[in-house]
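Participant: Sequence:
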Amino acid sequence: MSETSLAATLRHWILPATTGGTRRTRSPVSFFEFWPGWLFYAPVVVFWVLNAIRYRSVTLPALANPRINGGGICGESKNDILALAGSIAKPWIADFAGMTTNGHNDGNDLALAHAAMASANLKYPIVVKPDIGCNGVGVRVVQHDGELASYLAAFPRATSLQLQTLVTMPGEAGIFYIRHPGETSGRITSVTLKFPPTVVGDGVNSINGLIAADQRLAAVSKLLLPKLGPKAEHVPALGERVQLVFVGNHCRGSTFKSAIDIVTPALTARIDAIVKDMPDLYFSRIDLRYDTLEDLRAGKNFKIIEFNGSGSEATDIWDPEMTLMAAYKTQFFHYGQSFKIGNAIRAQGLKTIGLPKLFNLWRYQKRLMAAYPAND
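The sequence shown begins at 1211 in the numbering used here and counts up by one.
Quick caveat, the hints were computed from the structure, so don't treat them as lab data. Ideal Cβ placement from N, Cα and C applies to all residues, glycine included. Watch out, some of these pointers could steer you wrong.
Just the calculated beta-carbon pair ranges, DEER-fashion [to be verified]:
id	residue 1	residue 2	range
1	Ala1363	Cys1461	43 to 51 Å
2	Lys1437	Ser1395	28 to 36 Å
3	Leu1294	Val1414	48 to 56 Å
4	Val1410	Tyr1265	46 to 54 Å
5	Arg1573	Ala1428	35 to 43 Å
6	Val1414	Lys1567	51 to 59 Å
7	Trp1572	Asn1511	30 to 38 Å
8	Ile1472	Arg1266	35 to 43 Å
Take these sequences, add in the hints, and give me the full structure.
Facilitator: Next comes the structure, spelled out in structure tokens:
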């Protein structure tokens, strides 16, 4: 079944009342934004299986980024990916250092962290995050030694993590980049602007009350309030802005907006130059922070936080105004591209990762994520 015919089937079965446009009536959440994962991703799994049959490999997308463990489908190392950067890419990446916790919780982790920070000239505040993980699990901002020591003590033993400078630029975006082997230039296929849940104090209402008064925040309050705990009763001063979560993830309440229209030749050229300086990186969502939209359009004043691999998705599908049909069309396009790129690289003689090995990577990542400290 082709991408087109599968999309037509989904339109008939799932969206009989839609017109197939990419936008729908404005709403604080899309009707599918918080579906169970098994339900939303079921058609994506079907699409993956159909392509696996077509290309005779379930794990072919792992070859879309052959220097990354598992291609970035799962179990990849954030530190190893950023270490691919050459002299062109490095200035655009937030400074970072990797470290591994001791095999025994003997209190020496902080000294190891100090050495790692010194190697990259990192100063507090910093972001600490697992080297292997996803969806912001275990990511936390630490302001001083006490917070860092507490985080390290709760971190799994003999496990790698990343220390990264805290980028304070106000904007956050996810930019999807694709380039096929042999192409001289790649292209940006998706842009998502991310807006973390934030309230502005009026000097009267608590954070809880301010959440209830905001249409979007009220709709995702079940995600926010358990993490806030007693902080929800705090009354911010008039005009005080309070960001409720640090990690820009829609499943933590952030609002995602599709913004492919901001792409300019200057931005495309800048991203293209950076990614081409990351050897054999062809398929990636690049998470970054930027100063202003004008600067981002001009391809300047931004810092890349991380590069995601073949398991990443174009996050503009979580725009509250996105239709389900358009979301699946986006998913099918991007994962279809990962199969095509992997097929081209396989034709060069590289072998795909075996399904058992990929499954073991997934199982290892899942086990680690269950052991990480709570995130911000």
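Participant: Honestly, which of those hints from before does the structure not fit?
Facilitator: 1, 2
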